[in-house]
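Residue numbers (our numbering), protein chains in the order written: chain S, 1 to 112; chain D, 113 to 219.
Keep in mind that the hints were calculated from the coordinates and are not lab data.
Take these hints with a grain of salt, some might be off.
Simulated pairs of lysine to any residue, SDA-like, Cα-Cα distance not exceeding 20 Å [what the hints assert, rightly or not]: (1) S:K71 <-> S:D51; (2) D:K206 <-> S:S67; (3) D:K206 <-> S:V52; (4) D:K134 <-> S:R44; (5) D:K134 <-> S:P39; (6) S:K55 <-> S:R73; (7) D:K169 <-> D:T214; (8) D:K206 <-> S:I60; (9) D:K206 <-> S:S75; (10) D:K206 <-> S:R44.
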Amino acid sequence: DVKVTQSSRYLVKRTGEKVFLECVQDMDHENMFWYRQDPGLGLRLIYFSYDVKMKEKGDIPEGYSVSREKKERFSLILESASTNQTSMYLCASGLTGNTEAFFGQGTRLTVV
Amino acid sequence: AQRVTQPEKLLSVFKGAPVELKCNYSYSGSPELFWYVQYSRQRLQLLLRHISRESIKGFTADLNKGETSFHLKKPFAQEEDSAMYYCALRGDYKLSFGAGTTVTVRA
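All chains should be built: construct the whole structure from the sequences, respecting the hints.
So this is what it looks like as C-alpha cells:
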C-alpha cells in the first residue's frame with residue numbers, strides 16, 4: 001500500500017516567515033510533485049522532481065522553492081510567506097510513464 | 113506547453129440520469145490522460161487512465177485525438193458519485209490538472 005505522507009494537516013504561519021512543507025513517500029518513486037489546490041482553480045503545479053537533486057518549475061513557482069536531497073523526501077519551501085499563499089498544498093509521487101500518481105492527505109496552510 | 117481545460121465547474125444530476133464531464137487538452141506530443149476523483153474528506157485518487165480502456169465504477173472515458181478531448185461518462189449516476197473530478201495530462205515528467213468539476217447527484 002503506497003503511502004505519501006505530508007508532515008502537517010494544518011499550519012498557521014505569519015506573513016514573512018519561512019515555511020517548510022515536508023512530503024515523504026515509501027514506494028521508491030522517481031517523480032514527486034507539489035501542487036496547490038484552490039476553489040475554482042483546481043490543482044496548479046508548483047514544482048516537480050524526476051530524480052534526486054533534480055527539480056523543475058511548474059506553472060506557478062514564484063515565491064516557492066523545493067529541495068530533494070533524498071529520493072523519498074520532497075520539501076516545499078515558502079521563502080517569505082504571504083497571505084496569498086494561503087491554500088491547500090498537495091504532494092504526489094509516481095513512477096515515470098503512464099502510471100498513477102499517489103497523493104498525500106494535504107496540508108492546509110493559513111498565512112496571517 | 114500542456115494545458116487541461118474543464119469547462120464546467122459544477123454539475124448537478126439526478127440519480128439514475130447520465131452524467132458527462134468534459135475535458136479538453138492541448139499538448140504537442142502523444143498525451144497520457146487520466147481522470148482523478150476526490151470524495152469528501154478523502155485523498156485525491158486515480159479513477160481511470162486512457163491507456164487502460166476500462167470501466168471503473170461504471171465510468172468510461174474515450175480519448176479523441178481529433179477533438180483533443182477526454183470526456184468522462186457514466187450512463188446512470190449514483191449518489192456515491194458525488195465528488196470533485198479532475199482531468200489530468202502527463203507530458204514527459206510533468207503532470208497537469210484541470211480546474212475540476214464538482215458533481216452532485218441528487219436523489
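Q | Violated constraints from the hint list, given by number and in increasing order | A | Going through the list in order, the structure violates no hint and respects every one.
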